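> Sequence:
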Amino acid sequence: MTRPFVFEKPLGMRDTLPLLYDLKASIREKIQHVTETWGYRFMNTPTLEYYETVGDASAILDQQLFKLLDQRGNTLVLRPDMTAPIARVAASSLKKEPFPLRLAYDSNVYRAQEDEGGKPAEFEQIGVELIGDRTTSADAEVIALMAAVLKEAGLENFQIAIGHVGFIQELFLSIVGNEDRAAVLRRYLYEKNYVGYRQHVREMPLSTIDQKRLMDLLTLRGDGSKLSDAIELLPTEAGERVLDELRTLLQTLEAYGVADQVKFDFTLVSHMSYYTGVVFEGYANELGVPLSNGGRYDELLSRFDRPAQATGFGIRLDHLAEALGLTGDEKLPDAIIFSPERRAEAIQQASERRAQGEKVVMQELSGITNLDEYSERFDDVVYMIGKNGKGTL
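Under the working numbering, think of the first position of the sequence shown as 1, with each following residue one higher.
Heads up, a few of these hints could be off.
[Unchecked claim] Straight-line distance between alpha carbons at most 20 Å, and here's what the computed DMTMM-like set of lysine to aspartate or glutamate pairs gives:
id	residue 1	residue 2
1	K9	E114
2	K331	E376
3	K30	D318
4	K119	E286
5	K119	D229
6	K359	E376
7	K331	D56
8	K119	D318
9	K67	E52
10	K67	E49
11	K96	E114
12	K226	D244
13	K151	D15
14	K151	D318
15	K24	E286
16	K226	D180
17	K226	D216
18	K263	E299
19	K96	E286
20	K30	D133
21	K9	E124
22	K119	E322
23	K226	E179
24	K95	D133
25	K95	E299
26	K331	E29
27	K119	D15
28	K24	E156
29	K24	E36
30	K331	D380
31	K151	E29
32	K151	E36
[What the hints assert, rightly or not] Cβ-Cβ distance ranges computed for the label pairs, FRET-style:
id	residue 1	residue 2	range
33	R41	R354	27 to 35 Å
34	A344	S375	21 to 29 Å
35	V381	T135	57 to 65 Å
36	T369	S92	51 to 59 Å
37	L206	R41	48 to 56 Å
38	G39	T75	35 to 43 Å
39	N285	V184	26 to 34 Å
40	E152	Q63	31 to 39 Å
None of these hints come from the bench; they were simulated from the model.
Quantities reported herein were computed from a predicted structural model and do not represent experimental measurements.
All C-beta atoms in this analysis are idealised placements derived from N, C-alpha and C, irrespective of residue type, glycine included.
Take these sequences, add in the hints, and give me the full structure.
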């Protein structure tokens with residue numbers, strides 16, 4: 001009798017087979033190298049965190065958290081993101097280190113899925129956090145670094161969309177008057193449901209002028225010229241501050257040489273509620289979803305009793321691998337197939353070749369069920385069969 005679920009995996013969990021594993025390792029190595037040249041230090045945090053601290057601060061929906069109890073009855077979560085855990089570390093283990101801190105990570109994160117829907121419940125994320133720097137230079141640095149690592153990974157055609165949480169918030173509150181109504185509008189934008197957004201705006205009890213302002217927000221997507229258009233929608237002191245910030249950001253990105261990859265999108269809304277200012281997402285032409293995202297979060301660290309402004313980004317390694325189209329044949333190792341009497345000779349030759357960096361598999365002949373099928377798995381096969389070294393198969 002077959003045991004139930006013997007071949008099944010929990011909802012949203014995936015195996016990483018050898019070819020994809022090797023491809024991810026290659027991408028990972030390139031990203032880590034570039035990140036370290038910018039002065040970021042890699043670190044890791046526990047897979048399990050306390051729900052009351054990191055779980056609550058992560059801004060991930062509660063129903064997406066994997067929860068469990070420890071032996072003392074404390075509620076734990078599998079880390080749902082890396083920004084909140086690193087904020088915890090900055091406020092505890094690294095509290096004596098002066099700001100700014102430049103930290104990086106390469107870790108798996110976990111978010112429960114209600115149905116399969118093609119979304120993984122576990123995925124690898126590589127990113128950075130620049131903590132303790134409130135300047136626009138810091139925002140530009142992490143965006144430019146994200147562009148640099150995407151290029152180094154081999155991605156040629158990509159764009160980075162930049163928005164601003166403060167702009168949308170100021171605009172919506174100035175028109176609809178309270179957070180609940182503003183949250184409904186943000187939800188439409190987050191889901192990119194622009195048809196639903198327009199319909200909802202038309203049904204709201206607003207003046208024609210205010211309805212037009214909300215509708216015109218959808219046109220604020222494009223190059224730097226959209227900055228001038230944006231101030232017409234929010235001609236206030238707060239609006240001018242945001243636009244000055246974004247102008248400076250664009251000038252700095254031009255200095256980094258990445259302005260051609262940048263566009264502004266004032267409709268950009270993140271599901272991460274801790275973002276407070278500039279937000280951004282990376283897109284590849286070959287991919288229908290963002291492969292990276294980030295932004296400024298100036299209030300999160302105060303939840304860990306070390307207030308500081310911060311910014312950072314995370315890259316989904318699975319999405320980046322898909323965007324790169326990393327498919328094809330696996331690079332095969334060589335093989336030495338031997339009989340027992342020539343085992344020592346086979347070991348010596350394999351050791352010498354491995355010392356030179358070659359990939360070599362050793363396999364005793366009697367352990368092979370189908371020699372022809374097995375031999376096809378290798379680029380080259382050396383046979384060491386028979387006592388005199390001249391044996392045949």
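> Give a verdict on every hint.
To see whether the hints hold, each was checked on the structure:
1. K9 to E114: holds, 15 Å
2. K331 to E376: holds, 13 Å
3. K30 to D318: holds, 15 Å
4. K119 to E286: holds, 18 Å
5. K119 to D229: violated, 37 Å
6. K359 to E376: It holds: about 16 Å lies between the C-alpha atoms, which stays within 20 Å.
7. K331 to D56: violated, 44 Å
8. K119 to D318: holds, 11 Å
9. K67 to E52: Given that 20 Å is the threshold and the Cα spacing comes to 11 Å, the pair holds.
10. K67 to E49: The given pair, whose Cα atoms are some 10 Å apart, holds under the 20 Å limit.
11. K96 to E114: With Cα atoms ~42 Å apart, K96 and E114 exceed 20 Å; violated.
12. K226 to D244: Holds, at roughly 13 Å.
13. K151 to D15: Violated. K151 to D15 sits at ~27 Å, over the 20 Å cutoff.
14. K151 to D318: Holds, at roughly 16 Å.
15. K24 to E286: It holds: about 18 Å lies between the C-alpha atoms, which stays within 20 Å.
16. K226 to D180: Distance of about 28 Å is beyond 20 Å: violated.
17. K226 to D216: At roughly 11 Å apart (the allowed maximum being 20 Å), D216 and K226 satisfy the hint.
18. K263 to E299: violated, 26 Å
19. K96 to E286: Violated: K96 and E286 sit about 44 Å apart, past 20 Å.
20. K30 to D133: Violated, at about 26 Å.
21. K9 to E124: holds, 18 Å
22. K119 to E322: holds, 14 Å
23. K226 to E179: violated, 26 Å
24. K95 to D133: holds, 15 Å
25. K95 to E299: The given pair, whose Cα atoms are some 17 Å apart, holds under the 20 Å limit.
26. K331 to E29: holds, 18 Å
27. K119 to D15: Holds, because 13 Å separates the two Cα atoms, which is no more than 20 Å.
28. K24 to E156: Roughly 17 Å separates the two Cα atoms, so the pair holds.
29. K24 to E36: Given pair K24, E36 holds - Cα atoms ~18 Å apart, limit 20 Å.
30. K331 to D380: holds, 12 Å
31. K151 to E29: holds, 13 Å
32. K151 to E36: holds, 15 Å
33. R41 to R354: 27 to 35 Å: About 32 Å separates the Cβ atoms of R41 and R354, which means 27 to 35 Å holds.
34. A344 to S375: 21 to 29 Å: holds, 22 Å
35. V381 to T135: 57 to 65 Å: Taking Cβ atoms as reference, V381 and T135 lie about 60 Å apart, which means the hint holds.
36. T369 to S92: 51 to 59 Å: With Cβ atoms ~55 Å apart, the hint holds.
37. L206 to R41: 48 to 56 Å: Distance hint for L206, R41 holds at roughly 50 Å.
38. G39 to T75: 35 to 43 Å: About 37 Å separates the Cβ atoms of G39 and T75, which means 35 to 43 Å holds.
39. N285 to V184: 26 to 34 Å: Holds, since N285 and V184 (Cβ atoms, about 32 Å apart) stay within the stated range.
40. E152 to Q63: 31 to 39 Å: holds, 37 Å
Taken one by one, the earlier hints fail for this structure at numbers 5, 7, 11, 13, 16, 18, 19, 20, 23, listed in ascending order.
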